[in-house]
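We have chain A already, so just place chain B on it with the hints.
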Amino acid sequence: MGEEASFNAVSVMEAATNAKPAKENGCAPAVAEEAAEAVAAVVAPEAAAPVAAAAADPRLQGISDAIRVVPHFPKQGIMFNDITTLLLRPGVFKDAVDLFVERYRGMRIDAVAGIEARGFIFGPAIALAIGAKFIPLRKPRKLPGEVISEKYVLEYGTDCLEMHVGAIERPGERVLIVDDLVATGGTLCAGIRLLERAEADVVECACLIGLPKFKDFYKLNGKPVYVLVESRESDK
Amino acid sequence: MLFLQCQQPRVPSPSASAPPFRPRVSVAAPLSVRVTGGRRAQAVVAMASADARLAGIASSIRVIPDFPKPGIMFQDITTLLLDPKAFRDTIDLFVERYKDQRITVVAGVEARGFIFGPPIALAIGAKFVPLRKPKKLPGEVISEEYSLEYGTDKIEMHVGAVQANDRALVVDDLIATGGTLCAAVKLIERVGAKVVECACVIELPELKGRDKLGDRPIFVLVEADA
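Protein chains in written order, with our numbering: chain A, 1 to 236; chain B, 1 to 226.
Please note that the accuracy of each hint is not assured.
[To be verified] 30 Å max Cα-Cα, derived DSBU-like pairs, lysine-lysine:
#1 A/215 x B/136
#2 A/94 x B/136
#3 B/194 x B/212
#4 B/133 x A/94
#5 A/139 x B/186
#6 B/186 x A/94
#7 B/135 x B/212
#8 B/69 x A/139
#9 A/151 x B/69
#10 B/136 x A/142
#11 B/194 x A/151
#12 A/142 x B/186
#13 B/154 x A/75
#14 B/194 x A/139
[To be verified] Chain B regions said to be covered by chain A (calculated; three or more residues, Cβ under 8 Å):
#15 61–70
#16 115–127
#17 134–148
#18 184–193
[Claimed, not checked] Covered, in the sense of this in silico footprint (three residues per stretch, anywhere, with C-beta under 8 Å from a C-beta of chain B), are these stretches of chain A:
#19 76–84
#20 92–103
#21 128–135
#22 142–156
I should point out that these hints are in silico values taken from the structure, not numbers from a laboratory.
We put the beta carbon where it would ideally sit given N, CA and C, even for glycine.
So that you can see chain A by itself, here it is in the shape it has in the complex (with noise of 0.2 Å):
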């Protein structure tokens, strides 16, 4: 995933609200308008209780204890949620990709497609359990051979995406994207851009982490988006 803070961290005004849609590029509209809808369900009494199944799965609060909050990273107002403590603990990592591979396991996956470089760390475990194949996505020029290459905006000036040509075989393949996070969601975007290009067939995004919006299969690009554990402001 970026590394950029405004992609890849949880932003304490972020958090507050909900999502910065005016600098998303191609998923501007979709993201404006499903946050209010976001913020308008989660308002509504009936949109109190859990709705994923997978709410009341026990390994669950293992994951999430096991994420460590960093705060002021990379700067200041950003309480980023490092990963690396869950990869310390076997069981809890384990606990995370059998998660994904349950939910995925059924559905056909042709491949995954993880995002440079925490994306790396889940996608492949994911990939060989249900024998899809793995595309990494990467930033710019460290594919070698010919590429395509998607620009997606940051909070500061733009970044890029980069996918093999040839990664995607034949149109209509089925591919889940998988990163470590999802905060504004604009690189997911990207990566899904990226897949549509070459025809295939995103069906779904996969992250441990997403800000609170994403509990609810919240939409990106049309594309649901299914994560595991709200991101933190702070460790308990």
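Frame of chain A; chain B shown alone:
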């Protein structure tokens, strides 16, 4: 054509295991199998199966000429990752080697070490520790500098990730000159842990990365020309 073929990763021929060459592939002496009595037949089967898998792995790796700059033949493992069987076999070969060696931590070098390291760690029940470029890891880190062709670079590890009593495996996709791998090993040794072995999919023997690692063991699946 012949020139390109030489760049394609290959499984070392049996003669490559004869002295003075060190075995590149563990099938000749897998650490986790003691070849005694009835186990002999099992070891032979394991060797044959490993050779078949290695051929598939070697042929799934794509060579890209002149990347990232003219004269470099880049060994591209992304095509291996597009072949679920080759990827599965790669991980299995490492897991078979390490599952009985009481490895407590797998350290992966950013970024392609992040692709191979975690599946190995998960399969053998070890921690995974990412070794990263500067300023990527949040919180307190230790750094190790290493030389590049022009200038230097650094890799970092979280303080507290590895303990003095850990037995570590260091994983990356490829060893070339050995500079990055050596820096990774040093980070782990600095906190007092033991690097049991370095594990890479590909080695470029001409670049003598083994020399940089000194007497620290390294295990690779295939070798290729630089």
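Hints and how they fare:
1. A/215 x B/136: holds, 27 Å
2. A/94 x B/136: Holds: residue 94 of chain A and residue 136 of chain B sit about 24 Å apart, inside 30 Å.
3. B/194 x B/212: holds, 17 Å
4. B/133 x A/94: holds, 25 Å
5. A/139 x B/186: Holds - the C-alpha atoms of residue 186 of chain B and residue 139 of chain A are around 28 Å apart, at most 30 Å.
6. B/186 x A/94: The given pair, whose Cα atoms are some 28 Å apart, holds under the 30 Å limit.
7. B/135 x B/212: holds, 26 Å
8. B/69 x A/139: holds, 18 Å
9. A/151 x B/69: holds, 24 Å
10. B/136 x A/142: holds, 17 Å
11. B/194 x A/151: This hinted pair is violated, its Cα atoms lying about 43 Å apart.
12. A/142 x B/186: holds, 26 Å
13. B/154 x A/75: Since the Cα atoms of residue 154 of chain B and residue 75 of chain A sit roughly 21 Å apart, the hinted pair holds (cutoff 30 Å).
14. B/194 x A/139: violated, 33 Å
15. 61–70: holds (count 4)
16. 115–127: holds (count 9)
17. 134–148: With 5 residues closer than 8 Å to chain A, the segment 134–148 of chain B meets the three-residue bar; holds.
18. 184–193: violated (count 0)
19. 76–84: holds (count 3)
20. 92–103: holds (count 3)
21. 128–135: n = 6 at 8 Å, threshold three: holds.
22. 142–156: Our answer is that it holds, as 4 residues pass the Cβ test (under 8 Å) against chain B, meeting three.
Of the hints listed earlier, those the structure fails to meet are numbers 11, 14, 18, in rising order.
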